[in-house]
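A.B. asks: Below, each chain spelled out in residue letters.
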Amino acid sequence: MTICVGTTCYLLGAADLQDLENFLPADLKENVEIIGSHCLGVCKDNQYGAAPFVKVDDEMMSNATVSSIIEKIYEHRKGSSHAG
Amino acid sequence: MMINDEAFIEVEYSQLIKGGEAVAGDDFKTEIIPGEQRYISVLSDGLGSGIKAALLSNMTTAMALKFVAHNTEVVKSSEIIMDSLPVCEVRKISYATFTIVDLINGTKARVIEMDNPEFIHLRHNEEVKHEKKIRFSQKWPSRKLLLSEFPVQLEDRIIFFSDGVTQAGLGMKPHKFGWMRDGCLKYIQELIADNPEISARSLARSVVRQACCMDQSGKPLDDITCAVIYFRHPRRLRLLTGPPFKEENDSVYVDWFRNFNGKKIVCGGTTAQIVSRELGIPIRTDLKNRTRGLPPPSQMEGIDLVTEGILTLTELAVTLEKETPLSQMQPVIQNFYNLLMDSDVIEFIVGTKINEAHQDPNLPVDLEMRRNIIKRIQTCLENQYRKKVTVHYI
Chain A
149 MTICVGTTCY LLGAADLQDL ENFLPADLKE NVEIIGSHCL GVCKDNQYGA
199 APFVKVDDEM MSNATVSSII EKIYEHRKGS SHAG
Chain B
636 MMINDEAFIE VEYSQLIKGG EAVAGDDFKT EIIPGEQRYI SVLSDGLGSG
686 IKAALLSNMT TAMALKFVAH NTEVVKSSEI IMDSLPVCEV RKISYATFTI
736 VDLINGTKAR VIEMDNPEFI HLRHNEEVKH EKKIRFSQKW PSRKLLLSEF
786 PVQLEDRIIF FSDGVTQAGL GMKPHKFGWM RDGCLKYIQE LIADNPEISA
836 RSLARSVVRQ ACCMDQSGKP LDDITCAVIY FRHPRRLRLL TGPPFKEEND
886 SVYVDWFRNF NGKKIVCGGT TAQIVSRELG IPIRTDLKNR TRGLPPPSQM
936 EGIDLVTEGI LTLTELAVTL EKETPLSQMQ PVIQNFYNLL MDSDVIEFIV
986 GTKINEAHQD PNLPVDLEMR RNIIKRIQTC LENQYRKKVT VHYI
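Protein sequences appear in the order of chains A and B.
Read the first sequence against my numbering and you will find it ends at 232, with the numbers running on by one and no gaps.
Read the second sequence against my numbering and you will find it ends at 1029, with the numbers running on by one and no gaps.
Incorrect hints may have been included.
[As the list claims (entries may be wrong)] Here are some chain A residues pointing at chain B (derived, C-beta under 7 Å): (1) 155; (2) 158; (3) 186; (4) 187.
[Said to hold, decoys possible] Keeping only pairs whose Cα atoms sit at most 30 Å apart, straight-line, the calculated DSBU-like set for lysine-lysine is: (5) B/743 with A/192; (6) B/711 with A/177; (7) B/743 with B/664; (8) B/923 with A/203; (9) B/727 with B/743; (10) A/220 with B/923; (11) A/203 with B/988; (12) B/774 with B/701; (13) B/881 with A/192; (14) B/727 with B/701; (15) B/1023 with B/664; (16) A/220 with A/192; (17) B/988 with B/1023; (18) B/767 with B/664; (19) B/764 with B/821; (20) B/727 with B/711; (21) B/808 with B/653; (22) B/988 with A/192; (23) A/192 with B/923; (24) B/923 with A/226; (25) A/192 with A/203; (26) A/226 with A/177; (27) B/881 with A/203.
These aren't lab readings, by the way, just hints derived from the structure by calculation.
Beta carbons: idealized from backbone N, C-alpha and C, even for Gly.
Whenever a hint applies, use it, and build me the whole structure from the sequences.
C.D. replies: What follows is the structure in structure tokens.
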């Protein structure tokens, strides 16, 4: 997953999301790769909602918080295990 | 100061304050007189230490700069300086040493010395000795002025210091009489032999640090100041920030990096994306590199520094304006600062497109306009840090 730490996202909450790794439950910690991005390129486009933006697999999330990200990761895991 | 496209005069100094004092009793000032292609530098050591010495040395450097710039006769200038300094209550004299280096057209140096250790002129890492004229003041017969004039050329260095350098380690083994000018000269020559292009900034810092080590107590026993003038090929840096006003100019924008041999900085997420796309270099952002208050830097192969835009540039502007000590800067600003300080000619290529997301009323801080921040940084780098700066808008 990718956390945008561009100016707007950083100011609207991504500064706190950088610590996400510390808040991940044990079962996710080893299976989730967290990387940063200087811009996911969607903040100028209102259709995506508000910053901070985070991408889990290929899905863009707006208004991301630690809990909403964890929820989304579980959702994706479930989805991929169903598919598999 | 740029002499021509191939020659730049780098003037830097470094200073340590005597242990236990709050201010330096030595002072260094420098001034560029652009219309005349002149660069004047003065180093003064005030009698004693602390505020009293600071007052004497600051008055001396300020007056000396003015007198030299106005071409006032040397002995007359020195007499006025000596007459003006307040008399020390304890010692009943008014006194501050000085070394004045007046560079004309980048080709000629005129040096006026009074009671500081004699300056060093290095060419091909060998000392060049100069015949000095001696002048006495009738009013102050015990004060001796040494005058020298000589041509300078590319790769020459002029180094001068206060006696805190030459007397470092005084009374301690193995330098019972201190480091002395010869010891310092030998050390400088070793440094240059190891690193022939060592900057004025690094050389001045190394001399001061080494002098401090000689004192063995760990803190300087006197104010220690060293100034270095280096006639060098300019070191160039280009910084790209902000997307171009028109998207079709993206390629022209990144052209500033193609075939450029100097240091390269990218400031801004969108800017990094443009550079990445145009040059085919991926961007990596490691969240573990983060520092408090600023987004983390990224890495791009071949680019020396990739940072976030407005917040980082604003923090840099404040840091430069306040002359914040290196140790108190955040790591990304430290890198930024070092890259700027190790460059002589700095070019800002500024894309002027407004980022609409930055106008969001929900943002907790006001984001300054990119152009305004760059103007602040430009003014500061030119006036406080003696850099040659150009700004191109696109």
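A.B. asks: All hints, please: hold or fail.
C.D. replies: Verification of the supplied hints:
Because the closest C-beta pair between residue 155 of chain A and chain B is about 5 Å apart, less than 7 Å, the hint holds. Interface hint at residue 158 of chain A: satisfied, since its Cβ lies 5 Å from the closest Cβ of chain B, which is below the 7 Å cut-off. With a cut of 7 Å, the hint placing residue 186 of chain A at the interface with chain B holds, because the nearest CB-to-CB distance is about 3 Å. The restraint placing residue 187 of chain A at the interface with chain B holds, with a minimum CB-CB distance near 3 Å, inside the 7 Å limit.
Between residue 743 of chain B and residue 192 of chain A the alpha-carbon distance is near 56 Å, which puts this suggested pair outside the 30 Å criterion. A C-alpha spacing of about 77 Å is found between residue 711 of chain B and residue 177 of chain A, which places the hinted pair above 30 Å, so the restraint is violated. Pair hint residue 743 of chain B plus residue 664 of chain B holds up; C-alpha atoms about 20 Å apart against a cutoff of 30 Å. Under the criterion of a C-alpha separation no larger than 30 Å, the hint pairing residue 923 of chain B with residue 203 of chain A is consistent with the structure, at around 18 Å.
Among the hinted pairs, residue 727 of chain B with residue 743 of chain B is inconsistent with the structure: their alpha-carbon atoms are about 39 Å apart, more than 30 Å. For the proposed pair residue 220 of chain A and residue 923 of chain B, the alpha carbon gap of about 23 Å is at most 30 Å, so the pair holds. Under the criterion of a C-alpha separation no larger than 30 Å, the hint pairing residue 203 of chain A with residue 988 of chain B is consistent with the structure, at around 26 Å. A hinted pair counts as satisfied when its Cα atoms are at most 30 Å apart, and residue 774 of chain B with residue 701 of chain B qualifies at roughly 21 Å.
Distance hint between residue 881 of chain B and residue 192 of chain A is fulfilled; the C-alpha atoms sit about 16 Å from each other, no more than 30 Å. The straight-line distance between the Cα atoms of residue 727 of chain B and residue 701 of chain B is roughly 27 Å, inside the 30 Å bound, and the hint therefore holds. Pair hint residue 1023 of chain B plus residue 664 of chain B holds up; C-alpha atoms about 18 Å apart against a cutoff of 30 Å. At roughly 23 Å between alpha-carbon atoms, residue 220 of chain A and residue 192 of chain A fall within 30 Å of each other, so this suggested pair holds.
Only pairs whose Cα atoms come within 30 Å are accepted, and residue 988 of chain B paired with residue 1023 of chain B is accepted, the gap being roughly 25 Å. For a cut-off of 30 Å, the pair hint linking residue 767 of chain B to residue 664 of chain B stands: about 23 Å separates their Cα positions. Only pairs whose Cα atoms come within 30 Å are accepted, and residue 764 of chain B paired with residue 821 of chain B is accepted, the gap being roughly 15 Å. For the proposed pair residue 727 of chain B and residue 711 of chain B, the alpha carbon gap of about 22 Å is at most 30 Å, so the pair holds.
Note on residue 808 of chain B and residue 653 of chain B: the hinted pairing holds, with a Cα-Cα distance of about 20 Å set against a maximum of 30 Å. Taken as a hint, the residue 988 of chain B and residue 192 of chain A pair is honoured in the structure, with Cα atoms around 12 Å apart against an allowance of 30 Å. About 27 Å separates the Cα atoms of residue 192 of chain A and residue 923 of chain B, which keeps this hinted pair within 30 Å; it holds. Only pairs whose Cα atoms come within 30 Å are accepted, and residue 923 of chain B paired with residue 226 of chain A is accepted, the gap being roughly 28 Å.
Taking the CA atoms of residue 192 of chain A and residue 203 of chain A, the gap is near 16 Å; set against the 30 Å cutoff, the hint holds. For the given pair, residue 226 of chain A sits about 16 Å from residue 177 of chain A by alpha-carbon distance, which is consistent with the 30 Å threshold. Between the alpha carbons of residue 881 of chain B and residue 203 of chain A the distance comes to roughly 28 Å, so the proposed pair stays at or under 30 Å and holds.
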